[in-house]
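As a plain string of letters, each chain reads:
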Amino acid sequence: MDPSTELLTEQEAAVYDRQIRVWGVDAQRKLSKARVLVVGMSGVVAETCKNIVLAGIGSLTLVDDSPVTDEASAANFLVQFDDSEGQGITLAEVCAASLRDYNPMVQVKAEAGSIQSKPDSFFGNFDAIILGRSSVSLKKHVNELCRKQTHRIAFYTVDVRGTCGSLFVDLRTHSYTSKRAKDDKDVQLELSYPSFEESLGVRWSSMPKRTSKLLFALRCLEDFEETEGRQPGHVSSQDLPALLAFWKKACEAQTVAESLVPEALLQKLLRAGSTELPPVCAILGGIVGQELIKAMSCKGEPLSNYFFFDAGDGKGIIEKVAPNT
Amino acid sequence: MSRSEELNQQMDINGIEKEKVLMVGAGGIGCELLKTLVLTGFQHIHLIDMDTIEVSNLNRQFLFRKSHVGQSKAKVAREAVLKFRPGVEIVAHHANVKNQEFDIDFFKQFSVVLNGLDNLEARRHVNRMCLAAGVPLVESGTTGYLGQVTVHIKGQTECYECQPKPAPKSYPVCTITSTPSKLIHCIVWAKELALAKLFGDKGQVSDLDVRPTSNEDGAVSNDPDEAQFFEVRSGENSKAYAERVFDRIFGQNIVTALQNEDTWKARRRPDPLFLEKVLTEDDVVTTNGVCSSEGTISASASLGLKNPQETWSVKDNARVFLESVQLFLDKRSKDVGKLVFDKDDQLAVEFVTAAANLRAHSFGIPMQSLFEAKGMAGNIIHAIATTNAIIAGLIVLEALKILSNKTKECRMTYCVEHPSGKMLLMPVEMAEPNPRCYVCSETPLVLELNTATATMREVLEKVVKRKLGVTDPVIMQGSNLLHESGEDIEEDMVAYYTALLDKKFVDYPTPITTGVVLTVEDYHQDFRCSLHVKHRETFDEEKEPEGMVITGDLASLNNTDASAQPSTAAPSKIQNGHAEEEEDDDVVMVEPVPKAATAGTKRKLEEEDTQPTEKRLRVTESVPIEV
Ligand SMILES: [Zn+2]
Numbered sequence: 283m284d285p286s287t288e289l290l291t292e293q294e295a296a297v298y299d300r301q302i303r304v305w306g307v308d309a310q311r312k313l314s315k316a317r318v319l320v321v322g323m324s325g326v327v328a329e330t331c332k333n334i335v336l337a338g339i340g341s342l343t344l345v346d347d348s349p350v351t352d353e354a355s356a357a358n359f360l361v362q363f364d365d366s367e368g369q370g371i372t373l374a375e376v377c378a379a380s381l382r383d384y385n386p387m388v389q390v391k392a393e394a395g396s397i398q399s400k401p402d403s404f405f406g407n408f409d410a411i412i413l414g415r416s417s418v419s420l421k422k423h424v425n426e427l428c429r430k431q432t433h434r435i436a437f438y439t440v441d442v443r444g445t446c447g448s449l450f451v452d453l454r455t456h457s458y459t460s461k462r463a464k465d466d467k468d469v470q471l472e473l474s475y476p477s478f479e480e481s482l483g484v485r486w487s488s489m490p491k492r493t494s495k496l497l498f499a500l501r502c503l504e505d506f507e508e509t510e511g512r513q514p515g516h517v518s519s520q521d522l523p524a525l526l527a528f529w530k531k532a533c534e535a536q537t538v539a540e541s542l543v544p545e546a547l548l549q550k551l552l553r554a555g556s557t558e559l560p561p562v563c564a565i566l567g568g569i570v571g572q573e574l575i576k577a578m579s580c581k582g583e584p585l586s587n588y589f590f591f592d593a594g595d596g597k598g599i600i601e602k603v604a605p606n607t
Numbered sequence: 009m010s011r012s013e014e015l016n017q018q019m020d021i022n023g024i025e026k027e028k029v030l031m032v033g034a035g036g037i038g039c040e041l042l043k044t045l046v047l048t049g050f051q052h053i054h055l056i057d058m059d060t061i062e063v064s065n066l067n068r069q070f071l072f073r074k075s076h077v078g079q080s081k082a083k084v085a086r087e088a089v090l091k092f093r094p095g096v097e098i099v100a101h102h103a104n105v106k107n108q109e110f111d112i113d114f115f116k117q118f119s120v121v122l123n124g125l126d127n128l129e130a131r132r133h134v135n136r137m138c139l140a141a142g143v144p145l146v147e148s149g150t151t152g153y154l155g156q157v158t159v160h161i162k163g164q165t166e167c168y169e170c171q172p173k174p175a176p177k178s179y180p181v182c183t184i185t186s187t188p189s190k191l192i193h194c195i196v197w198a199k200e201l202a203l204a205k206l207f208g209d210k211g212q213v214s215d216l217d218v219r220p221t222s223n224e225d226g227a228v229s230n231d232p233d234e235a236q237f238f239e240v241r242s243g244e245n246s247k248a249y250a251e252r253v254f255d256r257i258f259g260q261n262i263v264t265a266l267q268n269e270d271t272w273k274a275r276r277r278p279d280p281l282f283l284e285k286v287l288t289e290d291d292v293v294t295t296n297g298v299c300s301s302e303g304t305i306s307a308s309a310s311l312g313l314k315n316p317q318e319t320w321s322v323k324d325n326a327r328v329f330l331e332s333v334q335l336f337l338d339k340r341s342k343d344v345g346k347l348v349f350d351k352d353d354q355l356a357v358e359f360v361t362a363a364a365n366l367r368a369h370s371f372g373i374p375m376q377s378l379f380e381a382k383g384m385a386g387n388i389i390h391a392i393a394t395t396n397a398i399i400a401g402l403i404v405l406e407a408l409k410i411l412s413n414k415t416k417e418c419r420m421t422y423c424v425e426h427p428s429g430k431m432l433l434m435p436v437e438m439a440e441p442n443p444r445c446y447v448c449s450e451t452p453l454v455l456e457l458n459t460a461t462a463t464m465r466e467v468l469e470k471v472v473k474r475k476l477g478v479t480d481p482v483i484m485q486g487s488n489l490l491h492e493s494g495e496d497i498e499e500d501m502v503a504y505y506t507a508l509l510d511k512k513f514v515d516y517p518t519p520i521t522t523g524v525v526l527t528v529e530d531y532h533q534d535f536r537c538s539l540h541v542k543h544r545e546t547f548d549e550e551k552e553p554e555g556m557v558i559t560g561d562l563a564s565l566n567n568t569d570a571s572a573q574p575s576t577a578a579p580s581k582i583q584n585g586h587a588e589e590e591e592d593d594d595v596v597m598v599e600p601v602p603k604a605a606t607a608g609t610k611r612k613l614e615e616e617d618t619q620p621t622e623k624r625l626r627v628t629e630s631v632p633i634e635v
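Heads up: the sequence lines are chains C and H, in that order.
Our numbering puts the last residue of the first sequence at 607; the count rises by one with no breaks.
Our numbering puts the last residue of the second sequence at 635; the count rises by one with no breaks.
Worth double-checking, as some hints may not be accurate.
Using 16 angstroms as the maximum straight-line C-alpha spacing, the simulated EDC-like pairs for lysine to aspartate or glutamate come out as follows [said to hold, decoys possible]: (1) H:91 / C:364; (2) C:430 / C:480; (3) H:177 / H:480; (4) C:597 / H:425; (5) H:414 / C:595; (6) C:550 / C:595; (7) C:602 / C:480; (8) C:422 / C:479; (9) H:177 / H:554; (10) H:116 / H:534; (11) C:461 / H:425; (12) C:597 / H:437; (13) H:74 / C:294; (14) H:26 / H:129; (15) H:314 / C:294; (16) H:314 / C:292; (17) H:475 / H:417; (18) H:430 / C:583; (19) H:323 / H:425; (20) C:597 / H:417; (21) H:74 / C:383; (22) H:430 / C:595; (23) H:91 / C:352; (24) H:91 / C:479; (25) H:106 / H:554; (26) C:430 / C:465; (27) H:74 / C:292; (28) H:416 / C:595; (29) H:177 / H:552; (30) H:106 / H:87; (31) H:414 / H:437.
Hints are computed from structural coordinates only; laboratory data are not their basis.
Chain C with its partners taken away, still in its complex shape:
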C-alpha cells in the first residue's frame, strides 16, 4: 500500500490522538515502522524505552543479559517487585514484559547474548541504536558498525552519572522537514554528523571557551576507566588523586589549562560512581526519546551532536563537536 494513503487503524488514531496533533499523521506512520535496538538497561535507558514505546515505534529489541538485582532496579521502574525473585531471568526479559504491557501495538523482544558477541550483520536489522553506559571502545565499535551499513542507522549513546547526564548523537546524513520560523512553512533541510571517533579527535584547545565543562570531565573519566581497566562507573572518591594526575596529563596533551574543569566536578562524578539520580534519568530519557522520534519521523530539527545536563546548575546544553572541514 502506498504509505501516503495508508490510514491509521481506529485504535492507533484513538490512542495516538494527542501526539498526532503535535507531529502529524505522516510522522506517526514513519515512526510506526522504526526498528530500534537498545543495549544496557540502566535507569535512563528504561526512561527512554518507556517514551518511545508509548509514542508507538514499530519494534524494540533489548540487549542486557545481566541478572535482576536490587542495584539494577534502583532507577529502573520497568523491574517490578516480584520480578527479582525469578531464577535466571535476564534484565532485558523483565523490562520487555513491562514495555509490552505499556503499548501492545509495539513489538518488544529481549535478545539473548552480549552485544560484543553479535555478528556485524545483526546491526543491519535496525534503524536506530541506543547504547547505554559503555566503554569508549564499545561506543566506537558500535558506531562504526552502524556507519558501515548501507541504510542509515541513527546512533545514540546516553549515560547518567549521579546528577549529570550526557548524550551523543550520530545521524550520519539526515534529511528532515521543519517549520521555518518566519512564515511557519515546511522546509526540507539536511544535516551532516561526524562519527563518534571523529568527534573525539577534535582538539580541546580548538573548542569555544564556553563549552560545557561536563564534556571534558566525562571524557577524562571514561578514558581513566578504560586505562585502569575498570567497568564504566566502577569508580569512587578514593580514585581522586589518580584521576587528577590523569587529568593533568590529558590537559598537557590537549594543550589546555588544568583549570578548564574545576576539581569539584571531577570529585562529584567520582562520588556518583555508578548511581543515577532518577529525576536526571527522566530528563535525559525524555530528551533521547524526543530526539529519536524526530529522527525516525524525519520531522523537526534534531540536536547535533552532544547534549549535557547538570542538576547542579539546571542547564540543558547542546554542544556541536565536529572537525573543521
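Given chain C's structure and the hints, the job is docking chain H with the ligand onto it.
Leaving out everything else, chain H with the ligand in the frame of chain C:
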C-alpha cells in the same frame, strides 16, 4: 551505604524518606511525577485527582492500561507504582482539590505541594491554599514540546498569580452569530448555538438565536416562531426534519442577514446554501446506518467516510450534517433535549464539523478535516510523553532544593523546542513577589461597571469567579453581608441573598455606586480582597465584551470620564465551552520564553513569533487584570 543515602548525600539532602508531599493531578505530568518521586526515595505521598482514565491518555500516561479506562486516575496510578515500589505510602484521593476536606490544615501537613494540573481555576485555588498554609508550591505546565516549572514560596518568590494569566478565549456574540471570519467562529457557532438549539436543553439557549441578528447592538430577538421552528412536527420524519433545518440555518437565515446592507458594506457577502443546490437527486445516497467498529453511532461511518484527516467536500459536509441529525433523532433520541457537546462524542463532533464547514463555506472561510475541527471544538491540548517526563524530572529537582533548604537555588525552568543560546533546558531566577498582587499582597482593585444595569449575579459570574478565581465567595459592603455561598447558610439568609442577586446595584438598600468598597472573601482559600466600585456608562463591545472591567490601578478612581452615550444592555460573549470541560488532562499554561532570559527579567505575555499561532490559541490571551 544504601542507594538512597548515597543519592541524598549527592544532593545534600537528609531524610527525604520522612518528608510528606502532596501531588495535585495524576494525568500526563502526574504519572511521570509519581514514578520519579518514588524512585528518588520519597515514601509518603498524597495524590489528588478527580478525573477518570480515557483512551486518549494512554499515549503518555504510562501507569494506565486500556483495561483501566473509566477508573480513577489517582487510584490506578497508586496501584501501578506500588508494583515497582511496594513499601511506599501513597494516599490516593479521587476528588476535586477544591473540596472542603482539603482545607488549610490538610495542606499544612505537607513539606511541599507539587502541581500537575490541567486548568487555571484549580491552579489558582492551590496557589491560595499554599499561601494560606505557608507551604512551598512547585507549579508546572506543558504543551507539545514546550514546558515550564516554577517555584512559589510565600514572601520569597512571586506567587502563581503575581503575573496576569491567560484566560480562555471568548468571542463577541455578533462575530459568532453574524460575521464569522475564521473557522473557529463557525465551530463555536456550531457547538454552542446550532447543536444546543437542535439537541440541547431549550431553556439554556433562549437568549441566543441561531438566526443571524439584524440588531445593531448584538441583542438577539426572541421570535416565538423561531423557537417552535426547531421542534419536530407531528408526522415529520427525521429526514424531512433534517432537510428543513438545513435550509433554514444555512439558507434562509443567510438570506435574512443579507438584507441588513450595513453589515456587508465592508465585508464579503455570504452565499446562502440551499439543499437543492448543494445536493442533486443523484447525490443523496442511501446510507447503511452501520455503526463504527467500536459500537459508536457515527454518520461518517454510515456514509463510508473513513479518513478523519481528509477535508470533506461541501456535498459530503451536507450529507454528514443530514445524516448526523437523523441519527440523533432516530438512534440517540434519549439524549435529544439535553445534549451537551463533548469532544469524545463522535456523532456530536461530526455534526459540529459538518455544520461549521457548511457555514464556513457560506462565508468564504476554508473548511477543515474532522480531526482538526475536533481539536478546535474540544480545545484539545497537544501532549506528548517526553515533555511530561522532562518536566516531572525538573519538578523533583526543585522539590529537593526546597527540602534541603536551598530555596535560593530554586529556578524557574523552561523546556523549549528550539534551542536558545545552545540551551534546551533554560533555568531563570525566580522573580520576587509582586507588591501589587491582589492575591499575595493587599492591593485594592477597581471594578468599573454600569451600576444602573449591573447585578450581583453578573459580578459573581464574570468577575469574582472567572477573574478572581474565588470558589465560594462571600461579598460584603462594609459590615453588611450581600452574598454568601455554601451549604450551611440559614434559610432566611438564602432568600435574602437570592432576592439581591438580580437587583440592579443602584437599587440596593445602600446603593452600590462609585466610591463603594465591596469586600470579597473565600474562607476556604483564606482569600480576601477589596473591590473599589466605579460607575461607567459604556464599554467597548470588542475589547470589553463583559461590560465590566477590573483593574489594579487605584489612581483611576479619581478620574471620572462618564461618556455621554447611554448604553443598552451589556453585550454578552460566547466562550468556546466552559473552562473545565474544554480542558484535556494535560496542562496548557505555558508562558512564552522571555526574549532575553536573564536573572530577574520580568516575563511578558507576548507571543513568540517562532510558535505556530493556532497552537497558542488559548495561550496568548491575557486576562484584563492589570495589576
Ligand atoms: Zn502574588
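Hints versus structure:
1. Proximity of residue 91 of chain H to residue 364 of chain C is assessed by CA-CA distance (about 8 angstroms); at most 16 angstroms being required, the pair is judged to hold.
2. Under the criterion of a C-alpha separation no larger than 16 angstroms, the hint pairing residue 430 of chain C with residue 480 of chain C is consistent with the structure, at around 15 angstroms.
3. For the hint pairing residue 177 of chain H with residue 480 of chain H, the CA-to-CA distance comes to about 24 angstroms; that exceeds 16 angstroms, so the pair is violated.
4. Annotation: proposed proximity of residue 597 of chain C to residue 425 of chain H holds, straight-line Cα distance about 15 angstroms (limit 16 angstroms).
5. Straight-line distance between C-alpha atoms of residue 414 of chain H and residue 595 of chain C comes to about 13 angstroms, which keeps the hinted pair within the 16 angstroms bound.
6. Note on residue 550 of chain C and residue 595 of chain C: the hinted pairing holds, with a Cα-Cα distance of about 13 angstroms set against a maximum of 16 angstroms.
7. Taken as a hint, the residue 602 of chain C and residue 480 of chain C pair is honoured in the structure, with Cα atoms around 12 angstroms apart against an allowance of 16 angstroms.
8. For the proposed pair residue 422 of chain C and residue 479 of chain C, the alpha carbon gap of about 6 angstroms is at most 16 angstroms, so the pair holds.
9. Distance hint between residue 177 of chain H and residue 554 of chain H is fulfilled; the C-alpha atoms sit about 13 angstroms from each other, no more than 16 angstroms.
10. Between residue 116 of chain H and residue 534 of chain H the alpha-carbon distance is near 13 angstroms, which keeps this suggested pair within the 16 angstroms criterion.
11. Between residue 461 of chain C and residue 425 of chain H the alpha-carbon distance is near 12 angstroms, which keeps this suggested pair within the 16 angstroms criterion.
12. About 12 angstroms separates the Cα atoms of residue 597 of chain C and residue 437 of chain H, which keeps this hinted pair within 16 angstroms; it holds.
13. Distance hint between residue 74 of chain H and residue 294 of chain C is fulfilled; the C-alpha atoms sit about 12 angstroms from each other, no more than 16 angstroms.
14. For the hint pairing residue 26 of chain H with residue 129 of chain H, the CA-to-CA distance comes to about 31 angstroms; that exceeds 16 angstroms, so the pair is violated.
15. With a C-alpha separation of about 14 angstroms, the suggested pairing of residue 314 of chain H with residue 294 of chain C holds against the 16 angstroms cut-off.
16. Annotation: proposed proximity of residue 314 of chain H to residue 292 of chain C holds, straight-line Cα distance about 10 angstroms (limit 16 angstroms).
17. For the hint linking residue 475 of chain H to residue 417 of chain H, the alpha-carbon distance of about 32 angstroms lies beyond 16 angstroms, and the restraint is violated.
18. Distance hint between residue 430 of chain H and residue 583 of chain C is fulfilled; the C-alpha atoms sit about 13 angstroms from each other, no more than 16 angstroms.
19. In summary, the hint linking residue 323 of chain H to residue 425 of chain H is not supported, as the alpha carbons are separated by about 40 angstroms, beyond the 16 angstroms threshold.
20. At most 16 angstroms may separate the alpha-carbon atoms for a hinted pair to count; residue 597 of chain C and residue 417 of chain H meet this at roughly 13 angstroms.
21. About 10 angstroms separates the Cα atoms of residue 74 of chain H and residue 383 of chain C, which keeps this hinted pair within 16 angstroms; it holds.
22. The suggested pairing of residue 430 of chain H with residue 595 of chain C holds, with an alpha-carbon distance near 15 angstroms, which does not exceed 16 angstroms.
23. Pair hint residue 91 of chain H plus residue 352 of chain C holds up; C-alpha atoms about 15 angstroms apart against a cutoff of 16 angstroms.
24. Taken as a hint, the residue 91 of chain H and residue 479 of chain C pair is broken in the structure, with Cα atoms around 42 angstroms apart against an allowance of 16 angstroms.
25. Taking the CA atoms of residue 106 of chain H and residue 554 of chain H, the gap is near 26 angstroms; set against the 16 angstroms cutoff, the hint is violated.
26. For the hint linking residue 430 of chain C to residue 465 of chain C, the alpha-carbon distance of about 39 angstroms lies beyond 16 angstroms, and the restraint is violated.
27. Between residue 74 of chain H and residue 292 of chain C the alpha-carbon distance is near 14 angstroms, which keeps this suggested pair within the 16 angstroms criterion.
28. For a cut-off of 16 angstroms, the pair hint linking residue 416 of chain H to residue 595 of chain C stands: about 12 angstroms separates their Cα positions.
29. The hinted pair formed by residue 177 of chain H and residue 552 of chain H meets the criterion: a straight-line CA distance of about 13 angstroms does not exceed 16 angstroms.
30. Of the supplied pair hints, the one linking residue 106 of chain H and residue 87 of chain H is violated, its CA atoms being roughly 24 angstroms apart against a limit of 16 angstroms.
31. Between residue 414 of chain H and residue 437 of chain H the CA atoms are separated by roughly 13 angstroms; this keeps the pair inside 16 angstroms, and the hint holds.
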